[in-house]
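Student: The primary structure of each chain is shown beneath.
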Amino acid sequence: MSPQPTASATTQPIIEMCGVNKWFGQFQVLKDIDLDVSRGERVVVCGPSGSGKSTLIRCLNRLEEHDEGRIVIDGTVLDDDTRHIAAVRREVGMVFQQFNLFPHLTVLDNCVLAQVRARKTPRAEAEQRAMSYLERVRIPEQAGKFPGQLSGGQQQRVAIARSLCMEPKIMLFDEPTSALDPEMIKEVLDVMGDLAQSGMTMICVTHEMGFARKVADTMVFMDGGRIIESSPPAAFFSSPTSERTRQFLNQILSH
Amino acid sequence: MNASALPSCMMLPSTASARPDASRPPPSRRRRRLTRTDAVLATMALALITFVVWQTHTVLDYRWNWSSIWPFVLKTDPTTGRLEPNLIITGLVTTLRLAVWGILLSGAIGIAMGLARTSKRLLPRLIGGSYVMLIRNIPPVVFVFIFFYFIASQITPALGLADRIRDAGPAARWLLSVLFGDVRLIENFVIGLLCLSFFTGAYVTEIVRAGIQSVSRQQIEAGESLGLSKGDVMRFVIFPQAARNVLPPMAGQFIQLIKDSSLVSLVSIQELSFMAQDVQVSTQRVFEVLIFVAAIYFVICFGLSRVFEWLERRAAVAYR
Numbered sequence: 000m001s002p003q004p005t006a007s008a009t010t011q012p013i014i015e016m017c018g019v020n021k022w023f024g025q026f027q028v029l030k031d032i033d034l035d036v037s038r039g040e041r042v043v044v045c046g047p048s049g050s051g052k053s054t055l056i057r058c059l060n061r062l063e064e065h066d067e068g069r070i071v072i073d074g075t076v077l078d079d080d081t082r083h084i085a086a087v088r089r090e091v092g093m094v095f096q097q098f099n100l101f102p103h104l105t106v107l108d109n110c111v112l113a114q115v116r117a118r119k120t121p122r123a124e125a126e127q128r129a130m131s132y133l134e135r136v137r138i139p140e141q142a143g144k145f146p147g148q149l150s151g152g153q154q155q156r157v158a159i160a161r162s163l164c165m166e167p168k169i170m171l172f173d174e175p176t177s178a179l180d181p182e183m184i185k186e187v188l189d190v191m192g193d194l195a196q197s198g199m200t201m202i203c204v205t206h207e208m209g210f211a212r213k214v215a216d217t218m219v220f221m222d223g224g225r226i227i228e229s230s231p232p233a234a235f236f237s238s239p240t241s242e243r244t245r246q247f248l249n250q251i252l253s254h
Numbered sequence: 000m001n002a003s004a005l006p007s008c009m010m011l012p013s014t015a016s017a018r019p020d021a022s023r024p025p026p027s028r029r030r031r032r033l034t035r036t037d038a039v040l041a042t043m044a045l046a047l048i049t050f051v052v053w054q055t056h057t058v059l060d061y062r063w064n065w066s067s068i069w070p071f072v073l074k075t076d077p078t079t080g081r082l083e084p085n086l087i088i089t090g091l092v093t094t095l096r097l098a099v100w101g102i103l104l105s106g107a108i109g110i111a112m113g114l115a116r117t118s119k120r121l122l123p124r125l126i127g128g129s130y131v132m133l134i135r136n137i138p139p140v141v142f143v144f145i146f147f148y149f150i151a152s153q154i155t156p157a158l159g160l161a162d163r164i165r166d167a168g169p170a171a172r173w174l175l176s177v178l179f180g181d182v183r184l185i186e187n188f189v190i191g192l193l194c195l196s197f198f199t200g201a202y203v204t205e206i207v208r209a210g211i212q213s214v215s216r217q218q219i220e221a222g223e224s225l226g227l228s229k230g231d232v233m234r235f236v237i238f239p240q241a242a243r244n245v246l247p248p249m250a251g252q253f254i255q256l257i258k259d260s261s262l263v264s265l266v267s268i269q270e271l272s273f274m275a276q277d278v279q280v281s282t283q284r285v286f287e288v289l290i291f292v293a294a295i296y297f298v299i300c301f302g303l304s305r306v307f308e309w310l311e312r313r314a315a316v317a318y319r
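Protein sequences appear in the order of chains D and F.
For the first sequence, position 68 matches number 67 in numbering that gives the first Met the number 0, and the numbering has no gaps at all.
For the second sequence, position 291 matches number 290 in numbering that gives the first Met the number 0, and the numbering has no gaps at all.
I should point out that these hints are in silico values taken from the structure, not numbers from a laboratory.
Incorrect hints may have been included.
[To be verified] Cβ-to-Cβ under 10 angstroms is the rule here; a few derived chain F residues that face chain D: (1) S215; (2) Q217; (3) Q218; (4) E220; (5) G222; (6) L225; (7) G226; (8) L227; (9) S228; (10) K229; (11) D231; (12) F235; (13) P239; (14) R243.
[Said to hold, decoys possible] Covered stretches of chain D (chain F as the covering partner; in silico rule of three or more C-beta atoms under 8 angstroms from a C-beta of chain F): (15) 88 to 95; (16) 107 to 119.
Every residue, glycine too, gets a C-beta built ideally from N, C-alpha and C.
Model the full structure from these sequences, guided by the hints.
Tutor: Listed below in structure tokens is the structure:
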């Protein structure tokens, strides 16, 4: 990857999706997706289940392959070239609904493994960085424990720290609070809020509309594999343009 | 809730009503180590064993003579007067060598073929699949003979073991004899070992495949999203978890390997059961030798299963 001139780096979007289509068998999950995200932008993606939100963000680090269209992440085109995929994955962190911590490794080793193997960071330095991020998510005292000994909220915060240890430019969140008990949702959202404040580029699939309203720069509403609406939260919540968005918001905000 | 509103059977002892929110120690549980049913069952089992032993004693009318097998365990050297291992011990050592090398080699084959079988590409999958299908679906005895007469006769000259051993220096010969036994029989031993390992490897392959597939897809995704290479995901994420999951069936398979090692006696590998047949012929004491050798196998296999139990406990501790 050649370094980009600084002028375009600030103006050019860090994520470009253009005419992206994807099928699971005969079923089309993504339809003509166009989405640009600029540096430091916080995007919240919402929509009914099965609308393609997760697939959309999983295409951004190639956990899913798109069939048509073009995805460019920070100047790297995502295609079959494994070097491109590796380059993109170095820049993009991901947090999953089910945390997906490595159960056989301690919290610290969960945070150290990829640094040492993928970034070739010396172990001592990797541990130091791991501890600093565990402090940032407010659980340095759990470093020696195994994931199975932690609560869901704690595990998700470790998962966030694990991703941050790779110092990504973009963070993807795939329904990070959906598997959590209500009293643990806040601790995770707080950490994500801190991260948003720090200027991280974030794309977050979530149903937490309070969080979205507070943090998002852009709200994206998806249904049936299409982006139906994309607007700043103020406009999105007060005057959605599409009838489908209004229905959806009514349903999830009614209680 | 008011305690008196509860039906009497649900009422707690009076100590609990003092502070309802304070946690209290669990109620003492009566620990019954042996119930009446246990006692009855144990008696019945004992009675059955006594009956069988008594029956064999009277019906079989066999004069037990255990003392005649001892000279075949240890013999006295006629010139030095020192005790030396005889057939049974020599056979036992060969069996142990077969077991150790067999576990290592069949484990290696199983891991390689298990990886091939879970590969994304078609060719490795085909190779792994055919290997398992071919070996698992023919009787072990047939496999031993086919391997010995058709495959081994081509492997042996290709390896050229005999020549190399002849050229080896005294130190190397000593090392070889420690690792593989009598240097004159190494070629023979290696054929037996390969046969046993290829045979067991097919079953290990399936266990490895099951182990790899037991680790959830999401673990792979987590590893890949962190930028780990495919090899690193396999090595540091999938493999350690798979290994824990397959400990119980793997223990069974390796115990099976030790017992199956007696099959290669069919092609004159002089391990424990081969020697046992020799001793049976020499002493004419069929049952004593059989039972004695069975006891030896039992001790080895039981020891190995205890090792695996320990590994399982250790793996469980690491998780939480």
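Student: Confirm or reject each hint.
Tutor: Consistency of the hints with the structure:
{"no.": "1", "hint": "S215", "in the structure": "holds (8 angstroms)"}
{"no.": "2", "hint": "Q217", "in the structure": "holds (5 angstroms)"}
{"no.": "3", "hint": "Q218", "in the structure": "holds (6 angstroms)"}
{"no.": "4", "hint": "E220", "in the structure": "holds (5 angstroms)"}
{"no.": "5", "hint": "G222", "in the structure": "holds (8 angstroms)"}
{"no.": "6", "hint": "L225", "in the structure": "holds (4 angstroms)"}
{"no.": "7", "hint": "G226", "in the structure": "holds (4 angstroms)"}
{"no.": "8", "hint": "L227", "in the structure": "holds (5 angstroms)"}
{"no.": "9", "hint": "S228", "in the structure": "holds (7 angstroms)"}
{"no.": "10", "hint": "K229", "in the structure": "holds (9 angstroms)"}
{"no.": "11", "hint": "D231", "in the structure": "holds (5 angstroms)"}
{"no.": "12", "hint": "F235", "in the structure": "holds (6 angstroms)"}
{"no.": "13", "hint": "P239", "in the structure": "holds (5 angstroms)"}
{"no.": "14", "hint": "R243", "in the structure": "holds (7 angstroms)"}
{"no.": "15", "hint": "88 to 95", "in the structure": "holds (count 6)"}
{"no.": "16", "hint": "107 to 119", "in the structure": "holds (count 5)"}
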